Amino acid sequence: MISERPRISLLGTTALLFDAPGETTLETQCRIWALANEMGRLPGVQEAVPGMNNLMITFVEPPRRLHEIQDRLVELWTSVEPLPVQGRCFDLSVTYGGEGGPHMADVVTHTGMSVDEIVAIHSAPIYTVYALGSHPGYCYLGGMDLRIATPRRQIPVLRIPCGAVSIGGDQTGVSASEGPSGWNTIGSTDVVFFDVARTPPALFRPGDRVRFKVERVVR
Amino acid sequence: MIEVLSAGALATVQDLGRTGSLNLGVGWSGAMDPLALAAGNILLRNDENAAGIEIPVFPFRVRFARSTVFAVTGADCAPRLDDRPILPWWAQCAEAGQVLSLAVPKKANWQASRAYLCIAGGIDVPLVLGSRSTQLRGAFGGHQGRPLHEGDVVPIPGPGRQARSGFGLIPPGLVLPFEADGVPAVRVLPAAEYECFTPASHDALWSTPWKITPQSNRYGYRLAGSELKPVRPLELRSHGIVPGVIQVPHGGQPIIQMRDAQPSGGYPKIGTVVEADLWRLGQAPIGSHVRFVRCSWDQALDALAETRRWVANARRLVELHCSHGGSDD
Numbered sequence: 001m002i003s004e005r006p007r008i009s010l011l012g013t014t015a016l017l018f019d020a021p022g023e024t025t026l027e028t029q030c031r032i033w034a035l036a037n038e039m040g041r042l043p044g045v046q047e048a049v050p051g052m053n054n055l056m057i058t059f060v061e062p063p064r065r066l067h068e069i070q071d072r073l074v075e076l077w078t079s080v081e082p083l084p085v086q087g088r089c090f091d092l093s094v095t096y097g098g099e100g101g102p103h104m105a106d107v108v109t110h111t112g113m114s115v116d117e118i119v120a121i122h123s124a125p126i127y128t129v130y131a132l133g134s135h136p137g138y139c140y141l142g143g144m145d146l147r148i149a150t151p152r153r154q155i156p157v158l159r160i161p162c163g164a165v166s167i168g169g170d171q172t173g174v175s176a177s178e179g180p181s182g183w184n185t186i187g188s189t190d191v192v193f194f195d196v197a198r199t200p201p202a203l204f205r206p207g208d209r210v211r212f213k214v215e216r217v218v219r
Numbered sequence: 001m002i003e004v005l006s007a008g009a010l011a012t013v014q015d016l017g018r019t020g021s022l023n024l025g026v027g028w029s030g031a032m033d034p035l036a037l038a039a040g041n042i043l044l045r046n047d048e049n050a051a052g053i054e055i056p057v058f059p060f061r062v063r064f065a066r067s068t069v070f071a072v073t074g075a076d077c078a079p080r081l082d083d084r085p086i087l088p089w090w091a092q093c094a095e096a097g098q099v100l101s102l103a104v105p106k107k108a109n110w111q112a113s114r115a116y117l118c119i120a121g122g123i124d125v126p127l128v129l130g131s132r133s134t135q136l137r138g139a140f141g142g143h144q145g146r147p148l149h150e151g152d153v154v155p156i157p158g159p160g161r162q163a164r165s166g167f168g169l170i171p172p173g174l175v176l177p178f179e180a181d182g183v184p185a186v187r188v189l190p191a192a193e194y195e196c197f198t199p200a201s202h203d204a205l206w207s208t209p210w211k212i213t214p215q216s217n218r219y220g221y222r223l224a225g226s227e228l229k230p231v232r233p234l235e236l237r238s239h240g241i242v243p244g245v246i247q248v249p250h251g252g253q254p255i256i257q258m259r260d261a262q263p264s265g266g267y268p269k270i271g272t273v274v275e276a277d278l279w280r281l282g283q284a285p286i287g288s289h290v291r292f293v294r295c296s297w298d299q300a301l302d303a304l305a306e307t308r309r310w311v312a313n314a315r316r317l318v319e320l321h322c323s324h325g326g327s328d329d
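First to last, the protein sequences are chains A and B. Positions 1 to 219 (this note's numbering) are the ones given, in order, by the first sequence. Positions 1 to 329 (this note's numbering) are the ones given, in order, by the second sequence.
Same shape as in the complex, but just chain B (with noise of 0.2 Å):
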């Protein structure tokens, strides 16, 4: 078990997502940083999609009740294990009673958000609809449907697992940096509506900084920047969508949909953010700036090659790492 001893708004248990269930209108869920999660998970030799609980609000601190091997990766929160400074991206060890602090994300070397706590053996809350995920529209999933609370006691896995500790990754922020004019930028393919917008507000797409306001969350970020304007008024009729889809209501202020997002909607869509670039909004902090950069159908699927490449480098040095019997510490 570990003890929820303080928690901001949100903290919620999430693994890399729910399929298969959008015919009944339930979305994806699941990390907004699902390579932090994945890393997290491969740093203690769990299957990739185990559920961690992301952070988003900070100060948070949780009580291991017995010996846990864990990671703490996304944001560099400057984790403390009782009053030791700890590393994040790295296999660590908790006695039983030993209290983890993590901080509001350090101004780093890489911009981020959000920090996830993962569990050698994955938080072990039931699967609904084949994920653990929590849905929070839906009020189910991950713990009893909803965000951590104070005094929230989590279930982990018993003993016996194969997870060592002593070492670590370096983040993907830090390898796979990706700018445009000095600014965190993702990789958006056109989507149906791109031609019915006015040539100003394509080049407003493509050219200038977008704002993500305060109202951004795991729905969707909610952005601030030129007015993108359609030629004429559209309306649509519903219709599938999924996270990275860069929508545009009519009052002109681009909305994009995040892992939480509605799996339907009729709002124009002038592009949608790549999934390898996904992982990367989903670290972008509240009041940051975010820039388009147009890409083809063949770079969307390299970026999503290099990404995986990332994942599955981690996970052979891993493996590398202890099956040489490295040390604990």
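The following block holds chain A by itself, in its conformation from the complex (with noise of 0.2 Å):
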């Protein structure tokens, strides 16, 4: 669903949801980021949250006219200029495969490759951290090579634990703890994402870069 234009929708009365044009790119979310911290200003807006090259838009309370609020998006993402990444670089390393890697199989009936294949193109890059969400401390990473793209599952897992490495269609990411998914888990991991008692409580923030180190792999 890449469009030339940005979308915006309803996220029923709680929100709007801003989809960036074009392929998802690095680029783009800097001026996603950018974006946020400007939206994030607007009396109205409760949390301007960043996803993948898109962002969402909670209200405090929902306007009567819409357009106003939809004007502001479009004319802020065609001024502002993009955020620089600044983060930080983190190694993680991963048992790939077995147990820990429960749809490795899907990838592989998926990408047609094995499973060595699939472990050095996923360990190859180095990840930007594009985004917070799904559940406290996750990240989204961009920069996954589209080789190793895997559609999300039919049905969601009701559980996957904490540390699973997954692709979700041309997306990669790390689950901080136990939980459902529809994503492809390929691996594991054993780093504390996420701990309310410390300041701030997640591990990671937009614009760290992340690589993944071979620890194993069990085919």
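Treat the hints loosely; a few may be bogus.
[Unchecked claim] Stretches of chain B that chain A covers, calculated by requiring three or more beta carbons in the stretch to come under 8 Å of a beta carbon on chain A:
no.	region
1	114-123
2	228-242
3	270-284
Keep in mind the hints are simulated off the structure, nothing from the lab. On a predicted model such as this, the values are computed, not experimentally measured, just so you know. Beta carbons are placed, not taken as given, at the ideal position from N, Cα and C, and that holds for glycine.
Got two chains here, separate frames each, mind docking them using the hints?
Printed below as a string of structure tokens:
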């Protein structure tokens, strides 16, 4: 679903969703971060929440007339200066396949590649944290090689464990706690991504970079 | 203190929810029926956002360690104080040592599945990221970040509160009914991918009942009904979502995101149940059916205003009663 112009849609009366035009890129994400900063300052906006090349705006109170905030979004989108990436870099050790990667076989089937090829491709890039979401401390990573893109599951699974490394469409990420997921889990890591007693509670921030180090491959 | 004598699965401490931490991946949590929680708090002259206990599975029993004014709202669970039947949706007084028992909800005049135990002054657990709601996925907030177990001792504030007992409210389930062809209904605004679905899917969405399957909980309601199909397969970039969003995974059976939903997702969204009707959905029992009624932005705001008026009116009536020296029972 890639469009040429920004798309704005409703999430009930709770929020608006702004979806940036074009393919998913880091440059677009830098503009999303800038747009989030601007929108977050507007009265009536409760939170401006970046996603993958998109932005959710939640309302303090839904406005009777929507077009004012919609116009503002489009106007700011064309005028904001992209925020530069100034993140830290983290290495995460991953065990690919086996018990901790129950859907590796589905990725093999979908891509037609071997486990070793998938692991080599998945662990090659330096990923950028585009956004936090899904559950406390989870980050969406940009920069996955499209050769291992695999559609989300037909039916989401009710429980995947903390530390699950997974692929959903052309995105990848690591779950920060046990819970339901529609993504394909291919490996696991044992980092603590979220601790409410820490300030800030989340380990990663948007703009941070992540490398997956292959600890082991279970074939 | 109140001591939990028996709790089914997933009784949790909830207020009206957690905002402001979506950027950390922390979702809303909060009462599945925010009207019932607010009403319980209003009866006790608490802040509407004070924390109560949400009870979805019965029987449920607690012992009050000291005299306390309380109210049970939401589903009618034939509440008893020791052996005495008491009214739901009513400010009640318990003496130290008395036991409150809630039974499986009656098939009463209004359809409901969750009860709320509200306490004068609110359940006294710490604020975490601005809320007392239990964040089950993150294991924080509420009572130690988890559902209540038998033997738990839940802190409540000391005496000297302004609460009184001896009066009640009529449940909004009785005065604000909303149905389509005799089936409980909720209003829905189309969402981003609505137009990507086939005409037959649109017809099915608006004109057939949807069964709430047993795989439904605070995270989401998995529905069973006609298959909803996009014209072609859709794979979206992950984006923010809110409680009420109706996602359609590739299998074609919709899932409504509820209070513990992830704050982001990527399945196609055919619509969103409007905020004004989330309390209805929060009370819909497993196995029951729900209908979706398409509405406009203005109709959705009017519905929200109607629920706000109900809450404001309840507050006004309670304050009026108490300021005229309404008697204790």
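Three residues or more, CB to CB closer than 8 Å: is that satisfied between the region 270-284 of chain B and chain A?
holds (count 5)
In terms of beta carbon proximity below 8 Å, does the region 228-242 of chain B have 3 or more residues touching chain A?
holds (count 10)
Can you confirm whether chain A covers the region 114-123 of chain B, using C-beta to C-beta distances below 8 Å and requiring at least three such residues?
violated (count 0)
Hint compliance for this structure: hint 1 is the single one not met.
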